[in-house]
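> Protein sequences, first through last, are from chains A and B.
Under our numbering, the first residue of the first sequence is numbered 2, with each subsequent residue one higher.
Under our numbering, the first residue of the second sequence is numbered 2, with each subsequent residue one higher.
Hints may be right or wrong, so weigh each one.
Any copy, or any two copies together, can satisfy a pair, since identical chains are not distinguished.
Below, computed lysine-lysine pairings styled on DSSO-like, alpha-carbon distance capped at 27 Å [unchecked claim]: (1) LYS563 with LYS122; (2) LYS243 with LYS145; (3) LYS609 with LYS433; (4) LYS96 with LYS563; (5) LYS81 with LYS628; (6) LYS122 with LYS358; (7) LYS97 with LYS563; (8) LYS498 with LYS225; (9) LYS5 with LYS96; (10) LYS145 with LYS4; (11) LYS222 with LYS322; (12) LYS259 with LYS333.
Derived by calculation from the structure, the hints in this document are not laboratory data.
Source: prediction; values computed, not measured.
Number of protein chains: 2
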Amino acid sequence: MIKKYTYGTPFETEAVVVDIKAESTPEYGTVSCENGFCFEYQMEKQDTVFGLGESNRGINKRGYLYISNCTDDPEHMEHKVSLYGAHNFIVVSGKKSFGLFVDYPATVCFDIGYTHSDILKITCDDDNLNLYVIEGESAYVIVKQFRRLIGKSYIPPKFAFGYAQSRWGYVTKEDYREVVREYQKYHIPLDMIYMDIDYMQDFKDFTLNQQNFNDFTEFVKEMKQNHIRLIPIIDAGVKIEKGYSVYEEGVKNNYFCKREDGSDFVGAVWPNDTHFPDVLNKEARKWFGSHYKVLTEQGIEGFWNDMNEPAIFYTPEGIQKLKGNMKEFIDKEPTKEDVWAMRDELRYLSNNPSDYKIFYHHVDGKKIRHDKVHNLYGYNMTRAAAEGLEEIENHKRYLLFSRSSYIGMHRYGGIWTGDNMSWWSHLLLNIKMMPSLNMCGFLYVGADLGGFGADTTRELLFRWLAFGIFTPLMRNHSAGGTRRQECYQFERTEEFKNLIDVRYRLIPYLYSEYMKAALQDDMYFKPLAFVYPEDEIAREIEDQLLIGNEIMIAPVYTQNAKGRCVYLPEQMMMLKFLGNGTIAVDTLEKGYHYVNVDLNEVVLFVRKGCCIPVAEAAECVEKINTKNMVLYGYSESEYFLYEDDGVTKEYQKDCKVLKKG
Amino acid sequence: MIKKYTYGTPFETEAVVVDIKAESTPEYGTVSCENGFCFEYQMEKQDTVFGLGESNRGINKRGYLYISNCTDDPEHMEHKVSLYGAHNFIVVSGKKSFGLFVDYPATVCFDIGYTHSDILKITCDDDNLNLYVIEGESAYVIVKQFRRLIGKSYIPPKFAFGYAQSRWGYVTKEDYREVVREYQKYHIPLDMIYMDIDYMQDFKDFTLNQQNFNDFTEFVKEMKQNHIRLIPIIDAGVKIEKGYSVYEEGVKNNYFCKREDGSDFVGAVWPNDTHFPDVLNKEARKWFGSHYKVLTEQGIEGFWNDMNEPAIFYTPEGIQKLKGNMKEFIDKEPTKEDVWAMRDELRYLSNNPSDYKIFYHHVDGKKIRHDKVHNLYGYNMTRAAAEGLEEIENHKRYLLFSRSSYIGMHRYGGIWTGDNMSWWSHLLLNIKMMPSLNMCGFLYVGADLGGFGADTTRELLFRWLAFGIFTPLMRNHSAGGTRRQECYQFERTEEFKNLIDVRYRLIPYLYSEYMKAALQDDMYFKPLAFVYPEDEIAREIEDQLLIGNEIMIAPVYTQNAKGRCVYLPEQMMMLKFLGNGTIAVDTLEKGYHYVNVDLNEVVLFVRKGCCIPVAEAAECVEKINTKNMVLYGYSESEYFLYEDDGVTKEYQKDCKVLKKG
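All chains, full assembly: derive it from the sequences and hints.
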């Protein structure tokens, strides 16, 4: 049961696809619109709060503060309140259970028992929004209702379930060839190599570095002969450069965001000064999306949209102010306060809230200040791409995902969880974030495995990859200047092969479960609380997850661990993919078990009465043979295998029931 | 068996108190002195590495990089390699077990399987050092041998086992009185209030703010009538101010660190420009230590020495360079690289390695560049204080601890683990750091409970205090500008009372175990691996600890947890201190157990065959009645209770055996 409450004059975010008539006063909590919007609800001691998609901390969001305000913050330590996405959906689960979706495109503050342990308080700066309240018998039921409200999730091509290597810093063809060569040398499967910003000419969107990629079509072909797809990045900012057609067209047609005075707004990002396409404007969106063709025509089948919070390193306005303050600083004997003021001004020059208040969108004839719709930018940039790609070939699936997002974007692409760090705590955050993202419709998701910033270790990479095996998007990515982290950079590289082989052996199952979740508005990652709500121990476990309907995982996420303690909420069959390629099977009873997991091993637990298909290892997704799979699990169980061509939008072509003897 | 190997001409750190004749080549590993000192050892897969005192990550230090280089870094995320202390002692534990103490006062790099999983590599910039190699049958035995090598640990007065409130930001007497009043209102025990930098006049050491503390002696008395002791901070830097006697004396007698040209080195800290006392110089150390008397004469009985890495906000040299670069910046159209260069220059202005290379110590007629002996500064500042206090009253124990430290300082004072953050991960780091600190001789230790930087939550404070109950130093401290975190700042303050009452009920046991550890060169906090080395599960548990010889604890350190899974390596008796002041007792068998722990409850586990004394709650340490204690634990067990006057250095005065029926 979904009810809608409209306050003021909301901006149409197009997050919701179902038309619901607005009602008057919600039954849950109290709403006040005196100083902006405020929803308050008194929580019971035992209430759990789920949701918020890409946000910090646990699966249970209670006990902290979260601010939906798309932010480029790679060093997101645990006190950070804003990440790259804005996913304003929560479920309060307890004696009374209900979901809330705050459809509001600017900053939303969720104080979930932070200021006062028992008070849930949601506030917005103004009161122009739609509030959806969803009733249901359980958190899981509420989530599935919400998912129907927001429409079907994005479905990638099947190759996107392969393993991908990425690094900010690949410049020449030789850099890419080295990756292929090294992976092939160790027979480690690989389907994609990502192209970070250096492939472009001077960081100009939809261009190729002339020196390195003068015959790009040929190079794409060469890579495909090695069954590797190249996935280039597209950034939000368009370089200001005379003669650069994207820039010229945008200026000419008023497709860029503008300052108050009507001039094109300038923000510095990778190419230095840029303009931002006004992707909230239909025409500009269509125009920007049409450029992806430049690359698809050369054989490209997937993209990642980046820097689309939008991140802004600085603006001319900010630099002018800075220079003024520097002049004053130079002329005095500075105190510590003077020094700190200068330090902070430079520290907060990037992504500065004041910069988001000096540019405007033009939507349906209205001029809207950016900060009022900030959280929609990445969503609409990715929508631009998706709509552009659909124009090119509307039956084909393209790989597409974004850094910044808002609910609604889940229909157009996936997300990676943005720049993270080579921290064990970010591996754990990755684990906890996945089901929350699923609740908000984002199914094609994953984090930078091994960690983007800071230096990884062999062990951290192993453990992170072992979790990444289960994330639809499985990509090893790292920042320039950090320790290299392709598998072949570490001793005993061959040990990585077994790990990544396991991914490919499980793709038939993982893809099948992904497709079922996508087509049935279901979750691919589920917290134990959703499946075992009566089990008090299971209910609060956040470091084990269910993947699809058949398996539970319990990733190792601590340094120097030889294994971990796992809680089984029911009897399960443990499959251990050993280093030698064989699978050890053991039935474990309900309760706690210490499970040894060596670095190159993968452990999963098949739920009672279930079985899963396991294929032979293959060097790429296309070569996975689903004809000779072995079913592992309980005898006399069945598995419904979803299969299709993995390329077109003709879904449910080759499904069948597999029966285990 | 301890062997000493001398390379080059070591600086005498006085870390070691036993005279050992140097031998030629160590049996373990290989040493090279080609480019500085390098020790390399091939680890076995199963080897564990303990030690490194105050350092990041786990109890098992394997798998990462640690650099001994005393650094003021409050935001120590998990990739940080240097913290406030430098404790160069490790134990390799496996088929072959041995300890290593690298007695070297400058930067030491411990690469413990970071670059290559199996290689332990210890490097120093030059090869003037003493290396001690300690053999023993187990890690625990090796630690105890090492502890004899470095001499007896510091013993604080008994009142220092009370609970303390602190906050950077208490300015007036009223601020202190408010703390007392509020704690008394809720009958929450309290023994100390810490005085952060604002008590001083313009941040000048050994002064009192004239406006707020013109009759300080009276105020100290007033507080003592409320059984509260005030514990002021002393910073390393001495303000440059004409007429300020400490400054004038220091300049006159050449007691400050000097530049190459013989002028007094200037570094900005809280008072803006300061000079640093040359505490490595015997005369200067004696002089600096003699000033603590200014405060003891007014009734003060304890101090915390801060900023003694030494932290340096900036130097005139750094500002001059900065201004030059700003001038250039102003004159150009900056690129992103120019902006980042300015940002980084300001970001790294504080604690900049180049500043540590432009000042000198004068030790025994020799001029020594600071960076060559950097890690000894905090140690010797605290030694100055300890020796100064001993001069005042040599039978009295003073409370004394330091932020920066080196092994050797453990004889003169305790340490708090420096500025940390209100992060759950820093609560876990606190837990893991404690036994490592004990290995290195530091027994009087604790972290800022609730977290210093960032905003805490009621729940985090509860869980952190619940662990803090077991740390000798139990202090709630936070930074100015963060959320207030005295217990009375949160709803249902009365729930904190039970928690802190438990501390006082356990002080007889905790103090007794502390004193036994201090007098017998033993550990107060032990990892499970030291006590249950044959138990494969216990061996790698890092989130449970043994406290003294009788109990094990398993702190809750995750948000929204209603309890946790605890592993018992043997049958134990669980004592749960309930919210109503009673104690629930339950015998649990070896293995995993889920234990519910409400926020205001404390759980501990009495080892098989043991018992512990539990007193009634008391409002301060002095009022704890050890005559009517109840023994909890196994029947027919005994407990050896250590008692003394808690004030003088007459130890072992009132020990007795308590027998449980």
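> Decide, hint by hint, whether the structure agrees.
Okay, the hints, checked on the actual structure:
no.	hint	verdict
1	LYS563 with LYS122	between (42 Å within a copy, 23 Å between copies)
2	LYS243 with LYS145	neither (50 Å within a copy, 73 Å between copies)
3	LYS609 with LYS433	within (24 Å within a copy, 37 Å between copies)
4	LYS96 with LYS563	between (40 Å within a copy, 17 Å between copies)
5	LYS81 with LYS628	neither (48 Å within a copy, 49 Å between copies)
6	LYS122 with LYS358	within (26 Å within a copy, 52 Å between copies)
7	LYS97 with LYS563	between (41 Å within a copy, 20 Å between copies)
8	LYS498 with LYS225	within (21 Å within a copy, 68 Å between copies)
9	LYS5 with LYS96	within (22 Å within a copy, 67 Å between copies)
10	LYS145 with LYS4	within (15 Å within a copy, 68 Å between copies)
11	LYS222 with LYS322	neither (49 Å within a copy, 52 Å between copies)
12	LYS259 with LYS333	between (38 Å within a copy, 25 Å between copies)
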